[in-house]
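This is what each chain is made of:
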Amino acid sequence: MEQVNSSTLGGLPATQLNNKKRGKGVVALLFSILAIMLCLFYIGPQLEKLPLIQPITQFIDERGVEANMYFYTEVAEFSEAHINMDNTMDYPPHGPQ
Amino acid sequence: MAENQSNTADQVVVDREGAKLSDLWLKEDYWAIWLGIVILILGLLIFLPQKPEGMQAKIDEANTSLKTESARAPFKTIAWYQAVDAKKKLKATGSSIGKKIKTFTNKPHGWKTNPIDSFYRSQADADAANAKAKPKYEAAQATEAEALTAAQAAETAAAGAGFNDATLNADAVKKIDAWRAAHTKASSAKKKIGAKAYNQIPYLIGLMIVMAVFFGIGIQVMGKSFGKFFGAFAFVFLIAVLAYCASAQATAKGYGIGYAAWAILFGLIISNTVGTPKWVMPAVQTEYYIKTGLVLLGAEILFGKILSIGVPGIFVAWVVTPIVLVSTYIFGQKVVKVPSKTLNITVSADMSVCGVSAAIATAAACRAKKEELTLAVGLSLVFTSVMMIVMPAFIKAVGMPEVLGGAWMGGTIDATGAVAAAGAFLGDRALYVAATIKMIQNVLIGVVAFCVAVYWVARVDAVQGQKVPASEIWYRFPKFVLGFIAASIVFSLLYQSFGSDAGYVLVEHGAIRGFSRIFRGWFFCLAFTSIGLATNFRELGEYFKGGKPLILYVCGQSFNLILTLTMAYIMFYLVFPEITARI
Chain A
1 MEQVNSSTLG
11 GLPATQLNNK
21 KRGKGVVALL
31 FSILAIMLCL
41 FYIGPQLEKL
51 PLIQPITQFI
61 DERGVEANMY
71 FYTEVAEFSE
81 AHINMDNTMD
91 YPPHGPQ
Chain B
98 MAENQSNTAD
108 QVVVDREGAK
118 LSDLWLKEDY
128 WAIWLGIVIL
138 ILGLLIFLPQ
148 KPEGMQAKID
158 EANTSLKTES
168 ARAPFKTIAW
178 YQAVDAKKKL
188 KATGSSIGKK
198 IKTFTNKPHG
208 WKTNPIDSFY
218 RSQADADAAN
228 AKAKPKYEAA
238 QATEAEALTA
248 AQAAETAAAG
258 AGFNDATLNA
268 DAVKKIDAWR
278 AAHTKASSAK
288 KKIGAKAYNQ
298 IPYLIGLMIV
308 MAVFFGIGIQ
318 VMGKSFGKFF
328 GAFAFVFLIA
338 VLAYCASAQA
348 TAKGYGIGYA
358 AWAILFGLII
368 SNTVGTPKWV
378 MPAVQTEYYI
388 KTGLVLLGAE
398 ILFGKILSIG
408 VPGIFVAWVV
418 TPIVLVSTYI
428 FGQKVVKVPS
438 KTLNITVSAD
448 MSVCGVSAAI
458 ATAAACRAKK
468 EELTLAVGLS
478 LVFTSVMMIV
488 MPAFIKAVGM
498 PEVLGGAWMG
508 GTIDATGAVA
518 AAGAFLGDRA
528 LYVAATIKMI
538 QNVLIGVVAF
548 CVAVYWVARV
558 DAVQGQKVPA
568 SEIWYRFPKF
578 VLGFIAASIV
588 FSLLYQSFGS
598 DAGYVLVEHG
608 AIRGFSRIFR
618 GWFFCLAFTS
628 IGLATNFREL
638 GEYFKGGKPL
648 ILYVCGQSFN
658 LILTLTMAYI
668 MFYLVFPEIT
678 ARI
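As they're listed, the protein sequences go chains A and B. According to my numbering, the first sequence is numbered sequentially starting from 1. According to my numbering, the second sequence is numbered sequentially starting from 98.
Among the hints, erroneous ones may be present.
[Claimed, not checked] Using 25 Å as the maximum straight-line C-alpha spacing, the simulated SDA-like pairs for lysine to any residue come out as follows:
{"hint": "1", "chain 1": "B", "residue 1": "231", "chain 2": "B", "residue 2": "293"}
{"hint": "2", "chain 1": "B", "residue 1": "188", "chain 2": "B", "residue 2": "202"}
{"hint": "3", "chain 1": "B", "residue 1": "229", "chain 2": "B", "residue 2": "188"}
{"hint": "4", "chain 1": "B", "residue 1": "185", "chain 2": "B", "residue 2": "291"}
{"hint": "5", "chain 1": "B", "residue 1": "186", "chain 2": "A", "residue 2": "63"}
{"hint": "6", "chain 1": "B", "residue 1": "288", "chain 2": "A", "residue 2": "64"}
{"hint": "7", "chain 1": "B", "residue 1": "209", "chain 2": "A", "residue 2": "94"}
{"hint": "8", "chain 1": "B", "residue 1": "185", "chain 2": "A", "residue 2": "94"}
{"hint": "9", "chain 1": "B", "residue 1": "199", "chain 2": "A", "residue 2": "79"}
{"hint": "10", "chain 1": "B", "residue 1": "124", "chain 2": "B", "residue 2": "559"}
{"hint": "11", "chain 1": "B", "residue 1": "197", "chain 2": "A", "residue 2": "79"}
{"hint": "12", "chain 1": "B", "residue 1": "197", "chain 2": "B", "residue 2": "227"}
{"hint": "13", "chain 1": "B", "residue 1": "188", "chain 2": "A", "residue 2": "76"}
{"hint": "14", "chain 1": "A", "residue 1": "49", "chain 2": "B", "residue 2": "494"}
{"hint": "15", "chain 1": "B", "residue 1": "199", "chain 2": "A", "residue 2": "94"}
{"hint": "16", "chain 1": "A", "residue 1": "49", "chain 2": "B", "residue 2": "188"}
{"hint": "17", "chain 1": "B", "residue 1": "199", "chain 2": "B", "residue 2": "298"}
{"hint": "18", "chain 1": "B", "residue 1": "271", "chain 2": "A", "residue 2": "62"}
{"hint": "19", "chain 1": "B", "residue 1": "233", "chain 2": "A", "residue 2": "61"}
{"hint": "20", "chain 1": "B", "residue 1": "282", "chain 2": "B", "residue 2": "224"}
{"hint": "21", "chain 1": "B", "residue 1": "289", "chain 2": "B", "residue 2": "348"}
{"hint": "22", "chain 1": "B", "residue 1": "233", "chain 2": "A", "residue 2": "64"}
{"hint": "23", "chain 1": "B", "residue 1": "233", "chain 2": "A", "residue 2": "62"}
{"hint": "24", "chain 1": "B", "residue 1": "196", "chain 2": "B", "residue 2": "302"}
I should point out that these hints are in silico values taken from the structure, not numbers from a laboratory.
Bound conformation, chain B alone:
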């Protein structure tokens, strides 16, 4: 069934049908671009004017302090960290409109045993939660104050020796590290005493109406019924809400099981038990949601980030990853003989780049089947949970240095959230390196999606031996990828034009994290719900025949683990040890 899918008549580039002007308003790909642009422009219009008071003066003050401190001591001093903390607090999302948007677009809240807590919390419950968390916060605060005093004393002693005494310097670094760890713990504890009362239900209903109208306009113009879509959308949205609710449950969160898994699972359960009601089908628009979400994802791919950790990061994330991706794909074709090329590339990208996000982008770029995307996502989620638990334990057990361990995990664990958890579990240095490597890898999604789209229309979907003319490539090219790339380029340029400090405040912690990212999450969740609602277990089983996707994933990931560790060691310890020493 899955065999030679790329050679089915509808996918082979043989016809010379040209593009029409009406495609601009009749095709889903273009609607994804228009809708994406609307959200991105809206995000910029809302957040760019939201400069925190005295932003530039505070940035200048912090940078002056950083410059002074970096020249004063051979290690990061207390004042150095405090200057970075001061910059960290500046966010456009902290403005009153930013907070209102957050309240309106919020996903269901975290809960442990009662799912109602995900949607509603009374003032009394909030007060009780705060009171319960207070003793822990006070203890963490006291520990932080103590650690700061010890760090100050050690730094003063090191400064007294003109920072020329290696023993005193090492002691100061150790004490400052302990203070930072205590500071992080106290910050986390502080969040738990800030519980507020909420009732998310009216906001969720409002959000559902906004999104139904937003997508419904395109549906209507593309010649389908707005009314039927609107009613059906409420059902799909409800399942998406339940998926977010399940992912917010403490145990699910602990194992790194996110909304994508729950959305697919809930959809699958409905479609394979009582059946997806026919009236829901008009809103089961997987591609429409995914493509719109991908245009928004483009804005989050900021190319300036690839230099965040210098050359070692580029080697670990941008050299190893494409090698693993291409090798796994070739291995899948030649050795494992995965019958479907689209399944092969989706699993390869999902495993080598960054899990679910890469799987979505690649699957959409090569027009993979929904079952193939489901399989790739499923494999990634299972291995992410296992690697998130096993890798830090192994790294600790063998005594691997934090920087090396962080680079290794950042380059190999698929899901971004799991990288943060595993990295932070090892320590701050491991977190910084792991997160930065993963972030650089995230940026690679844009390049991978573009290359896969071009390769597929020009080579895979073409008849063997036939040269595909440029006009045909243009006709077959998934146009939303252009929106995805354009959004990435525009936002990268915008970020650079502001400079990294103001870009952080207004673009990343404004238009992106405060707006487009929220909608992108909802759109992907709706897409995964739609996938589940339209998928049959039996069909899914066909794609897993012989366990070939699993074999491909395991072999590719094993190669990834070896190559990433080797490259990380060479880069961080043999070629650029000075960068490692700085971290």
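If we strip away everything but chain A, and leave its shape as in the complex, we get:
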């Protein structure tokens, strides 16, 4: 934890000040957790009801797309796309001549 080194600041003893700061920190931490929960369980789902957002978020949920991944090896759809494109390039439909 962050330490306050001076013996007194603003007229309060160091230990009391530390406790006060720690208390503020804990309140801020709890508030942050609450804000995250609010986003995940209320604001996010409410926004999902918007006509622009709903179709794609619903699609992601139904199809189970890993929409939050960062590299192609983490997403199953990339493997599917790659094998399809590879075979399209190697065995392009061209018949009957």
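Let chain A serve as the given structure and place chain B on it in line with the hints.
Just chain B now, kept in the frame of chain A:
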């Protein structure tokens, strides 16, 4: 504060200190290489012998069918798709050891309202989830069967006319497309009836111990305390687990918010509220985790992939991207006047190449500050979510063809997962093109990281007008980049030597997806957690002064959108329409 960082004394190439042999075991860069090599070799030793039974015979059979079908009809027939599906099922990760490794290294599972579901599910809950999903699966299965019957009838009619009747051919293509869409839907529904009971907690504890020992050995040899690191690592790992847990939540997933964002956010919250405890600091080793992760990422950069969609793909991904990257960087220096060159190049690479992965590689190559990487990642995540929602809606609204829309999204949306979601939302063709373009762009990371590392040691960090000798460049060069490039070259050659079919089974769906990729994800998550735990909101704000990074991102992305769309149209519709017709 951020001003002229590249000119600070410790970053200017003026001294001629030479490299020592002991660097090999005393420097983090080398430890990243050694640890990366251990994981990659282990992955190969485990997965290369795991050939699925009758692999070659099944590949040969599928290829014979593909050859016959491609010569029989002017479009992809049902048998053509079934042959590809047969190849798709062959994966070394499907072996018993592959499944065991997956169970052991699994991230927290998906959940909606109860975070406990991310770590534990009873048999009764699994059965209930399966029962709930069953009616949907049965309906999807029936629709698929119906669509297949219709496709078969249409294909038979087209074949009856010797595939010479354009109307019958078009009808067959339409019906086959409908069957493929139904097939994908049924496959997704099938996954939801396969829920199993799990208790991930003991595995996560085991994984934490394995990783603590793995990194701890290097820590000890580099002269720090193994004991202090071990205890502290448990805390960092716990936050990383929570980050993965949050990213697995349905709403977070829907908006494309991944583990990197959560790891930084959780770390930031702790460090800026109650403060990061001092005893945790020995495990806040951002660079150590990032560099090791990057060596592993190198193995995922397979150069053979750049030809996946032929010349148009190279133009859209490998010509447009470097132009946008360099232009944005110059624009940032000359017009926006971003004070930090490292922030400028990290945001430029992040925006033009592929978001978070490119930002990590570039930031590490030019030794950017952790706050700069955080800013670049934050910008990318916000714009990725917006573009993932807006772009497919716009493409649909204006009636843009799927191939063009797919190429446009693949070349411009930063995050890979968001490209898959937006592409699949438009349709299979859009997905195939978007994913392939993005994959080719992903491969560019290796080249970008190498060029940035060389440019930085030879030009940016050098005193103006002074010629930097080769020995000095070598001394200042971030050595882990060599491990990153070497891993890419070795795995690319290995993949090619097996041939694309066996390479897909044993290398990509074995050593990479079954092993190194999993650890790489964990290492990046630990790195982002460390960044958050060591970052102060006030310092972060300094880097955002005047909103310059945002202006740079918006201007660069606007240019990227225009140039990518123009190039995609020229390549796919004017120069190579025959490739577009094949897709």
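*residue 233(B) and residue 64(A): Cα distance at most 25 Å?*
14 Å, holds
*Has the given pair, residue 185(B) with residue 291(B), been kept, meaning a C-alpha gap of at most 25 Å?*
19 Å, holds
_Pairwise hint evaluation, residue 293(B) against residue 231(B), where the allowed Cα distance is 25 Å at most_ = OK: residue 231(B) and residue 293(B) at ~14 Å, within 25 Å.
*Quick one, are residue 49(A) and residue 188(B) close enough, alpha carbons at most 25 Å?*
39 Å, violated
*25 Å limit on alpha-carbon distance, applied to hinted pair residue 282(B) and residue 224(B)*: 21 Å, holds
_Need the status of pair residue 271(B), residue 62(A): alpha-carbon distance at most 25 Å?_
23 Å, holds
*Holds or violated: residue 124(B) with residue 559(B), Cα cutoff 25 Å?*
Holds - the C-alpha atoms of residue 559(B) and residue 124(B) are around 22 Å apart, at most 25 Å.
*Is residue 289(B) within 25 Å of residue 348(B), Cα to Cα?*
18 Å, holds
*Does the alpha-carbon distance linking residue 233(B) and residue 61(A) stay inside the 25 Å limit?*
14 Å, holds
*Given the hinted pair residue 199(B) and residue 94(A), is their alpha-carbon gap at most 25 Å?*
Violated, because 41 Å separates the two Cα atoms, which is more than 25 Å.
*For the pair supplied as a hint, residue 199(B) and residue 298(B), confirm whether the alpha-carbon distance does not exceed 25 Å.*
Given that 25 Å is the threshold and the Cα spacing comes to 14 Å, the pair holds.
*Can the restraint linking residue 186(B) and residue 63(A) be considered satisfied, given a maximum Cα separation of 25 Å?*
It holds: about 19 Å lies between the C-alpha atoms, which stays within 25 Å.
Against the hints set out earlier in the document, violations occur for numbers 3, 7, 15 and 16.
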